[in-house]
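The lines below spell out each chain.
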Amino acid sequence: MHQDDELPRRVDRRSLRRLLRYALAYPRLLKQAAVLLILSTLGQVLGPVLVKVFLDDYVTQGHYPARDLIFLAVAYAGLYGLSAWAGYWQAMRLNDVAFSVVRSIRAQVFSTVVRKPLSYFDHRPTGKLVSRITNDTEAIKDLFLHVVATFAQGIVLIVAIFIAMALLDIRLMLVCLVIMPVMIVVMINYQRLSAPRYHKARSILSQINATMSESIQGMKIIQLMNQQKRFHQRFTDTSQSHFAARMTNLKLDAILLRPMPDLLRTMTLAGVLFYFGSQSMTTAVEIGVIYAFINYLSRITEPVMQMTQRLSMLQQAVVAGERVFEILDEGKEEHKNARQMIEQGRVEFRDVSFSYDGKHPVLNNINFVVEPGEFYAVVGHTGSGKSTLMSLLMRFYTPQSGQILLDGWQLHEIDQNSLRNQVGVVMQDPFITTGSVRDNICLGQVMSDEQIVRAAKQAQLHEFVMSLPDAYNTMMDERGGNFSTGQRQLLSLARTLAHDPMILILDEATANIDSHTEAVIQSALMQLKGKTSIIAIAHRLSTITSADQILVLHQGEIAQRGTHQGLLGHEGLYRNMYLLQQSRGDG
Amino acid sequence: MDIFLKLGWYFRAKWRRYVLAGVLLIAVDVLELTIPWLVGRLIDEVLAQSLTTQSLTQYVVAVLVLGVLIYIMRFLWRLFLFSASFQLAELLRQQVYRHMTLMAPGFYNKHRTGDLMARATNDVTAVEMTAGEGVLSGLDGVVTGVLVLVVMMVFISWELTLVALLPFPLMAWFFYIIGTRLHDGFRDAQERFSDLNDKVQESVSGIRMIRAFGREVREDADFMQVADRAAEANMRVAATDSLYDPAIFITVGVSFLLSIAMGAWLIEQGSLTLGQLTSFTMYLGYLIWPMFAYGWLLNLVERGSAAYTRINALLEARSPVVDSGQLLSAVNHDIHWDIAEFTYPGAGSPALSNVSLHVPQGNLLGIVGATGAGKSTLINLLLRYYDHDQVRIELGGHPVQDFTLQALRSMIAVVPQDAFLFTASIAENIALGRPDASIEEIRAVARLASVEQDILRFPAAYDTLVGERGVTLSGGQKQRIAIARALLLDAPILVLDDALSAVDVNTERNILAHLKQARQGRTTVILCHRLSAVEDADQIVVISHGEIKERGTHQSLLAEKGWYARMFNYQKLEQAVASGR
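Line order of the protein sequences matches chains H and C.
If you read the first sequence in the numbering used here, its first letter stands for residue 1, the second for the next number, and so on.
If you read the second sequence in the numbering used here, its first letter stands for residue 1001, the second for the next number, and so on.
Don't take every hint at face value.
[To be verified] Taking lysine to aspartate or glutamate pairs in the EDC-like style, the calculated list, with each CA pair at most 16 Å apart, reads: (1) H/Lys529 - H/Asp548; (2) H/Lys529 - H/Asp415; (3) C/Lys1478 - C/Asp1418; (4) C/Lys1561 - C/Glu1550; (5) C/Lys1478 - C/Asp1436; (6) C/Lys1006 - C/Glu1316; (7) H/Lys31 - H/Asp96; (8) H/Lys220 - C/Asp1418; (9) C/Lys1478 - C/Asp1504; (10) H/Lys229 - C/Asp1418; (11) H/Lys128 - C/Asp1198; (12) H/Lys116 - C/Asp1220; (13) C/Lys1478 - C/Glu1428; (14) H/Lys116 - C/Asp1198.
Hints in this document: simulated from the structure, not taken from any laboratory.
Work out the full structure: start from the sequences and follow the hints.
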């Protein structure tokens, strides 16, 4: 699940502190958890003390007053009950903290990512970004859910046990205390030795999985080249090296992790027995004490072992945290001083030049003005720069030189809401959200039914919607599966029309657009003509025959401009494009 | 439990390791139980005031020796048992992989990559757990449980044992219930987590739409909804997990209470010593693990047997194409297609019908037509990716089925539509079919495919790594590397299956000119969309909707003024538009 995790040599304390600080936002839960933790630990530690009292004060002396015994038994049972109850709720409180923290981190990182400038996404693989938001925050969850809880519980329990031991017999406690430094040294060394080795085994495993999935995809080629044996041999080699790496880990675990604390505990037990036995030869001893000590000893190894196993989780969480913080600290796009309103719908490109990488120009000195209510069409062959022109208009990127003006204002000066409401967009790949048809038309804005129906009728989608089981309340499948491509395009058109924009940007679908959709779009455009300024990025020249002005782009420059009739009138790019599309029909 | 029977073959193959591990496990259990017994004896001696320095030393040394022995034996059984189960995992992976190399494409159409991967990863792990932890908890759980019970009953007191054990079955039941709920909850949590992944994936890849429609706030809310569902599922798992401790506490607490109460009564009756009671309570602690083990075992067995069934189904799948041919070579390399009708498995309409085609050795055949017309199917059938009884294809006069698959495919060098490159260096990718080729040979074919200039511009030239960790190649570069790869094979038949689609016209012209020399004496088939690639062909066929519509040479087809002629003019115009004229 956690890909690309490079293990650092040391845990970065600053990031760890910053992560832990998130938990401080929940002081009430933390306090409750602390109180419950102490209660549950007390319950665990006091149990053996009661048994000790019972053994020493009653059994050894051979007298059994019923009332005292019942009291003891009830107290004992009560303690266990209390401990179980408090332990459970303590864990639940910490779970609460863990999930609240992760919730707030997730919300932060997600909302930061969706507000990053578009260029941020150009060079970052989607998979990696997704992994930041999901896998990394999941690793942070593990930090709070497992690491913090295990350490808190383990440390409190061990401290409490040693305090109880000290109260029973301080010297015997000191004998037991010897085990702690030894155990800590063993565990730290285990962690130091195992972390890189586990990492190695894991990366071989992901290599195995990658090879397997690549081979499945490339199986035809492997078979074509008769390389089955060689690939199988290579896979077997990797698989065997995975086995070898795991065996190394197994040996390390078997030497240091599992049986080791038990060996140390047995040695401590021997020490306790020796001390206790030699004491008994000179002075009177309490049997109950030895009972309690044996019982306590059996309880300290498990928490130590658990904490050891959580250390690598801690490392991963901190690395994940660093990556998440990097995203948060880089910040997001801010819109300050954007107060101007769009009131007319005039669009101007003034000497606009743009390049994605700063080296290869994609648009060169583009100049044109769309007066309010005019219909402009931009056409061009693949790679001519027309999609880029669209991206600039949508503010996805900022041109390196020149200006894009709406009503004379630069894009960044215009109020975000005005920009959103007055500039309508029909995209090539219509954006479908999970929700009903109605949700998809009003997109979160309050709209009357009439408004919605009117827009749907204009886009000639109304009849189709009414044929759906729940009409406007029909739920859309993910990615709009129950709508055809053309219908999705019309839905996108209806949505834009419902918002009644002053400027309409239309990015016509390149493929799969049927003649019906084409006709509908054309008639909708005709209705808007004169009221709304339209810039259409057209692939089908037949939809733009009525445009006031057609711009023909070639290699980032406007090669031709004019009306449809005017451009057809003489030899040139537009005429060839038109002929090409004409002949496609019978091709 | 029949999973252990199904895995019997493996246990028998590795019986030494399993027997050794079992013997050691039993020995460890016996030795472990000796310690409480020694402690009890010591306490009784203390009480009887019969303890001497010498006997004390003996006790202590005995405990120490036991501790060390146990440590060593634990180390060893782990090694034996888990090495066996780890080895099983690798063995299954290797078997799955080997099996997949034998499967024809028809098999891969039926199984999605994700599904196959799940069997090779999660399912293998589940079986490994059964053969390792499962065996451990089964064996050790039973042995510890029985031993502890015997010791408690025989050496201490059977009445006390019975009373103290009352809550324990409850604990095993708790463990089983919690384990099952945990597993189900975990699966649910994983599903919710993958929902979360999908949601984020959707948002990040749809970032332009989000911006265009100013949906940032809505997206935040939608995301939090999915994230909260994921968190709730996780929370349920965590809550279930938190039940383990209370379950242990309560049952153990009750059991201790019962045994102390009962023990006290027995001591008063004089049938039990205090030392025995102390040992007894220590033994009780040893019973937690067997209870845990039983609960766990049931879970592991459930998961393991489902997983093993899935893996076995995969390993038992037969390839739709049977490699039963005997011929190792052909006398000449004429190709003859005779197809009455061919329909892909699961498809409704035929991909090819009434196709009859003959290419004499050394000729160049051009196959043109729209995408999906059935061009590639001709090649798929020639290569025996699919078999069909209404399809008869002959190579050098023999049906292709008469050759071994290896012989058949080594006679044909194919540049497929999608130029698939492996995560390896460029040189290794070119030398895929002949790993022993020298760098000079590799460079020679790279030059023929007009790709050397591109390769030399990469950071490590021919040693540059391809893929995620290396360079990203353009579609045209990939295609040209695939051409070089096929040319290196030096096979008597060369097939270019739409292999020049991402290459620009000038480069295409260069490559075709190079090929002219290289294909001397070879049977060559070029499938393409762009007609300029087949102008020189001895024979050109136009395929549409699975049937041959036109056939002839470039000149004769142009004169026919059919699809070919129209397409030719269209592409000429397209060329003009692309260059801005």
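The hints, checked one at a time:
no.	hint	in the structure
1	H/Lys529 - H/Asp548	holds (10 Å)
2	H/Lys529 - H/Asp415	violated (25 Å)
3	C/Lys1478 - C/Asp1418	holds (9 Å)
4	C/Lys1561 - C/Glu1550	holds (10 Å)
5	C/Lys1478 - C/Asp1436	violated (22 Å)
6	C/Lys1006 - C/Glu1316	holds (14 Å)
7	H/Lys31 - H/Asp96	holds (13 Å)
8	H/Lys220 - C/Asp1418	holds (11 Å)
9	C/Lys1478 - C/Asp1504	holds (13 Å)
10	H/Lys229 - C/Asp1418	violated (23 Å)
11	H/Lys128 - C/Asp1198	holds (13 Å)
12	H/Lys116 - C/Asp1220	holds (14 Å)
13	C/Lys1478 - C/Glu1428	holds (14 Å)
14	H/Lys116 - C/Asp1198	violated (20 Å)
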